[in-house]
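Here the protein sequences come in this chain order: F and C.
Counting from 1, position 78 in the first sequence corresponds to residue 78 in our numbering; the numbering is continuous, with no gaps.
Counting from 1, position 73 in the second sequence corresponds to residue 73 in our numbering; the numbering is continuous, with no gaps.
Do not rely on the hints blindly, as some may be mistaken.
[As the list claims (entries may be wrong)] Computed list of lysine-lysine pairs in DSBU-like fashion (alpha-carbon distance at most 35 Å, straight line): (1) LYS112/F <-> LYS80/C; (2) LYS65/C <-> LYS372/F; (3) LYS140/C <-> LYS374/F; (4) LYS177/C <-> LYS65/C; (5) LYS177/C <-> LYS372/F; (6) LYS200/F <-> LYS114/F; (7) LYS140/C <-> LYS65/C; (8) LYS140/C <-> LYS177/C; (9) LYS177/C <-> LYS374/F.
[Claimed, not checked] Okay, the calculated beta carbon distance ranges per label pair: (10) GLY5/F <-> ASP31/C: 39 to 45 Å; (11) GLY172/C <-> ILE264/F: 37 to 43 Å; (12) GLY27/C <-> LEU307/F: 29 to 35 Å; (13) ALA315/F <-> GLY172/C: 31 to 37 Å; (14) LEU8/F <-> SER126/C: 24 to 30 Å.
No lab work stands behind these hints, which were simulated from the structure alone.
Beta carbons: idealized from backbone N, C-alpha and C, even for Gly.
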Amino acid sequence: MNYLGLSLRNLFRRPAGLIASALTVAIASFVTLTAFGLWYGYDVALSSEVDDIGASILAIPKGCPYEATGALLSGAAIGYAIDTDLMHRARDVEGVSEVSGVIMGQRGAGEKNKVHIFYGVDENYFAMRPGLGVDLVLSENEIALGSDIASGMNLEIGDSLQVGGVEFEIVSVLSPDKKDDNSIIFMNIQSAWEILKVDKKLSSILIQVDNPDETEEVAKRLMEIPDLQVVTMNDFYETVQGFASGARIAIMSVLVVIILIAGIGVLLAQVSSVSSRRGEIGMMRSMGASVSQMVGLSLLDSIGIGLIGSVFGVALAYALAPTMSNLVKSGLPQAPDGQIIVINFVSVLVTLAILIVISVIANLIPAISVAKTKPVEAASE
Amino acid sequence: MNDTAMRVNSLVKTYTRGSETIRAVDGVSLDIDSGEMLAIMGRSGAGKTSLLSCIGLLEGFDSGKLSVLGHDMSDLTEAKRTINRRSMLGFVFQRFFLLPTLTAYENVSLPFLFSGKRANKERVLSLLETVGLSERIYHKPSQMSGGEMQRVAIARALALDPPIIIADEPTGNLDSKNADKMFALFEDLANKGKTIIIATHSKSLADRCHRVVELSDGRKVRDEKN
């Protein structure tokens, strides 16, 4: 028999009390870890999405820059009001290493002639976006398909597909994990101009810089080009992050309340346990247990409740992370693709530490009560 | 019976209830020899439990002197009382206070845990055999009768081999047959040199002790050898 064994036996002596108090801790642990997971996962997902766009700066037509950038990130289409001449001017700006022009449109495709978004891209596009895994330059009459379209139409490489009345050969199909791009048809920019019946127009320009540390300076130089609106990925990242801050504050507020409730749960369980065991505690004191030994046992009890509850809550948060991720995403504008609640080891450790500390703090009053229990209480009961 | 196990001199213990001060122990003096079996009698509220609590170092007292096994125990801090209690005294109460989740063996081992000593398995088994429970080692309190639980409590009191056993109404929750068995155990312990101090209401059991002290209103009103 040791202190830990004694404490565990005592905890499981009142299963209903243990379940009730551990449950409050579990709920607090679940919410804490989910909040941390959102904090971390949202940033990771957003960074990954921004990185995936393959540019440090986006040049877009005049208008709401973040709406346009968000549309680009999520695979939607925007108008085409940028002259290709502006792209050439952007390429000549000091600090710019590479540019790629994109025109976006929508036309019927396939046998059912269902409307799909297509991107007309130049020869630099796939080289600037290696994440797409398309290691080629599209020539006229060649297309690369997003996997959703390919699977939806039961198409594969080598098949042909009519888009906007023009016949194309499928030369590449994107991997299914490229979710934002999987409902897009990529084609040569000349083909896109022909389908859209426009000439030398672009929807956006992807711009890479020589030195990422000088992105802001390069963006300022690009802004001097008339009719071009410039958004750095950092600006966009911070703006979209701002959308999530409201949700984060709401979750943190709920978190504080839930942690308080968990603390009260532990407090009540321990007060009840101590008050019903005064004689027993007195007996242990009479057989030579010191005040510190009894307070230590009481603290072990509260750590036990904290640990059992928080481990259960962590498991629950881990299991429900995908569901919670979808739930939170449904309420967030411009939420990045993929799982935005990601549970990592550090946040698990921090959550366990917080809940155990809360349990110990909640046990202070019962511990004082234990410390005040005199050995004579065994005799007087 | 030779050395003095306990010397109590003009001991006073008061309690305050509201504005009223109650002298629960009012100037009691007595010497208790080693190996003596002493019964403390008196009606409810006479001061038996208060006297036992003071001489058992369960709590302090207001005035007077107390020495246990030759050591002065007056004016001790709670921490020092705990240390002395651990090494000198064993307790048996009317309520057994066995931990319900522990087996008989584990309950008897508890004092070792609090004294920081490794539980001596042979000693625990031998104590359970002494109290006639060698067949009940792995039984929990819920699986034992009242008499058996009280015998586990006695074994627990003896775990660290204290020279003095203090028992407060140890037969209060037992039938006469079990009470008789337990008294026989105390007699056996006294014969082996332990000092036994028992508070009891039972005259027949008190008559089996070497000596009877009677209290009334906190004062010693009788002190006779049997």
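Query raised in the report: Looking at the structure, which of the earlier hints fail to hold?
Result: Those not satisfied are hints 1, 4, 5, 7, 12, 13.
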